Amino acid sequence: MYAVEFETDIKSEFIRIPQFEKLKNRHVKVIVLMEDPPENVQAGKAQTSSPRRRPAKVPPIIFKGDVIDTVPDSSWNLN
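Counted the way the numbering used here counts, the sequence shown spans residues 1 to 79.
Rather than coming from a laboratory, the hints here were simulated on the basis of the structure. It is possible that some hints are incorrect.
Said to hold, decoys possible - Here are the computed distance ranges between Cβ atoms for each label pair:
no., residue 1, residue 2, range
1, A56, Q19, 49 to 55 Å
2, E13, K64, 53 to 59 Å
3, K29, V58, 30 to 36 Å
4, F63, E5, 37 to 43 Å
5, E35, P55, 32 to 38 Å
6, F63, I17, 47 to 53 Å
7, P37, Y2, 27 to 33 Å
8, S12, K64, 56 to 62 Å
9, P59, R16, 50 to 56 Å
What the hints assert, rightly or not - For lysine-lysine, the following DSS-like pairs were computed, each having C-alpha atoms within a straight-line distance of at most 30 Å:
no., residue 1, residue 2
10, K22, K11
11, K11, K24
12, K29, K11
Since we're looking at a predicted model, the values are computed, not measured. Glycine residues also receive a C-beta, built at the ideal position from the N, C-alpha and C atoms.
Based on the provided sequences and hints, a complete structural model is requested.
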């Protein structure tokens, strides 16, 4: 894994990435770390643009033993 770490002050929605040429046209994962959380973000809650979906309410799966019955060894004798 290749990592690039740098510090910057965010002044707009754009951040200049050092060594951009090495990362151009590549998929990357971006993580933003701050010393203190912003005032409008509650601790422990991530801020998202849309509300999180809740899991579907479906009944639990109930297993009732083996689906396929076993066949006795004598049934495998094809002679």
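Here's how the hints hold up against the structure:
1. A56 with Q19: 49 to 55 Å: At roughly 44 Å between Cβ atoms, Q19 and A56 fall outside 49 to 55 Å, so the hint is violated.
2. E13 with K64: 53 to 59 Å: Between E13 and K64, where Cβ atoms are some 55 Å apart, the hint holds.
3. K29 with V58: 30 to 36 Å: 32 Å, holds
4. F63 with E5: 37 to 43 Å: Given range 37 to 43 Å: violated, Cβ gap about 48 Å.
5. E35 with P55: 32 to 38 Å: 35 Å, holds
6. F63 with I17: 47 to 53 Å: 51 Å, holds
7. P37 with Y2: 27 to 33 Å: Once the Cβ atoms are compared, 29 Å apart, the range 27 to 33 Å for Y2 and P37 holds.
8. S12 with K64: 56 to 62 Å: For S12 and K64 the Cβ distance comes to about 60 Å; the hint holds.
9. P59 with R16: 50 to 56 Å: Holds, since P59 and R16 (Cβ atoms, about 52 Å apart) stay within the stated range.
10. K22 with K11: Given pair K22, K11 holds - Cα atoms ~24 Å apart, limit 30 Å.
11. K11 with K24: 23 Å, holds
12. K29 with K11: 21 Å, holds
Checked against the numbered hints given earlier, this structure breaks hints 1, 4; the rest are met.
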